[in-house]
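Asks: For this one, chain P is given, so just place chain A on it according to the hints.
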Amino acid sequence: GESVGLHLPTLSVQEGDNSIINCAYSNSASDYFIWYKQESGKGPQFIIDIRSNMDKRQGQRVTVLLNKTVKHLSLQIAATQPGDSAVYFCAERPANQGAQKLVFGQGTRLTINP
Amino acid sequence: DSGVTQTPKHLITATGQRVTLRCSPRSGDLSVYWYQQSLDQGLQFLIQYYNGEERAKGNILERFSAQQFPDLHSELNLSSLELGDSALYFCASSLSGLSATQYFGPGTRLLVL
Chain P
3 GESVGLHLPT LSVQEGDNSI INCAYSNSAS DYFIWYKQES GKGPQFIIDI RSNMDKRQGQ
63 RVTVLLNKTV KHLSLQIAAT QPGDSAVYFC AERPANQGAQ KLVFGQGTRL TINP
Chain A
10 DSGVTQTPKH LITATGQRVT LRCSPRSGDL SVYWYQQSLD QGLQFLIQYY NGEERAKGNI
70 LERFSAQQFP DLHSELNLSS LELGDSALYF CASSLSGLSA TQYFGPGTRL LVL
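Residue numbers (the working numbering), protein chains in the order written: chain P, 3 to 116; chain A, 10 to 122.
Extracted from the complex, chain A is given alone in its bound form:
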């Protein structure tokens, strides 16, 4: 158990809908990262937050957004969902922005029908 929690574990929704994925980092970690894992693209970095502020952006679509709250939990919002958004979404956390060791949560499996 990495100490990173994610909810929900599974999510089934329809195209065009909007969902919110939630992540709680390990106790004491200030940085949160979001990754997407699909069969054809592997693990792709989406976005990083550090102590409430966006720190880095990767291959994140404009339909997707994220935020980190004062209690350091983070949410990833996916809107106007398409079939191709079906994937595993992982959250990871690290102690600080300078510490590269990231610990991953169990993921949320999203299925868009």
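Bound conformation, chain P alone:
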């Protein structure tokens, strides 16, 4: 399937430190990428997006980096807070499939330690 089976990677970070969450995407024709945050019992929440003609985009405390050569996406969260604890998903939009569906990665569980 497009979304691989779940052995959810985990990342623990000390509060106040920076965190980097990585994602390898599958389709070299994907033209749009999104990071979502999902807290327990809630739906995925949009964090930041980036188009394939960019390699970096910054938001508030978050930065997304895109390396199309190796099909790699990363999300950097600066000065982490307890509320950043969640599962983070990257999603890609395959431009060659004629639809707007998103293909999600497996997710990374981020835990912020006080």
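Everything labelled a hint here was simulated from the structure, so no lab data went into it.
The beta-carbon is built from N, C-alpha and C at its ideal position, and this holds for glycine as well.
Pairs of lysine-lysine residues, derived as DSS-like cross-links and limited to a Cα-Cα distance of at most 27 Å, are as follows: (1) P:Lys73 - P:Lys58; (2) P:Lys44 - A:Lys66; (3) P:Lys44 - A:Lys18; (4) P:Lys58 - P:Lys70; (5) A:Lys66 - P:Lys73; (6) A:Lys18 - A:Lys66.
Using C-beta positions, here's what the derived DEER-type ranges look like: (7) A:Leu122 - P:Glu41: 20 to 30 Å; (8) A:Arg31 - P:Gly43: 13 to 23 Å; (9) P:Thr71 - A:His19: 43 to 53 Å; (10) A:Asn60 - P:Ser76: 31 to 41 Å.
Replies: Just chain A now, kept in the frame of chain P:
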């Protein structure tokens, strides 16, 4: 709060039954998407509607169907339910079919016993 609403929040039913999940998109959004999230398969795209018409299909079983009404709300119908259909079902919406930023609702948790 994304502005996407889903009802019910929780649903418990038995195998063989049929249920309907409802979604109201954000105000102004024309596209609605349905996703299934289970423990072993992650977030899987099921189907997309745009302004009342089916636009794309993903891994949606024949026992499942959906529609989008003139007021743009959408319903996902799940029939002949099996234990393996237990999952979180999310609806997302976007401004248009060309706009990829999808905003997700809170989901419906379905438990089939």
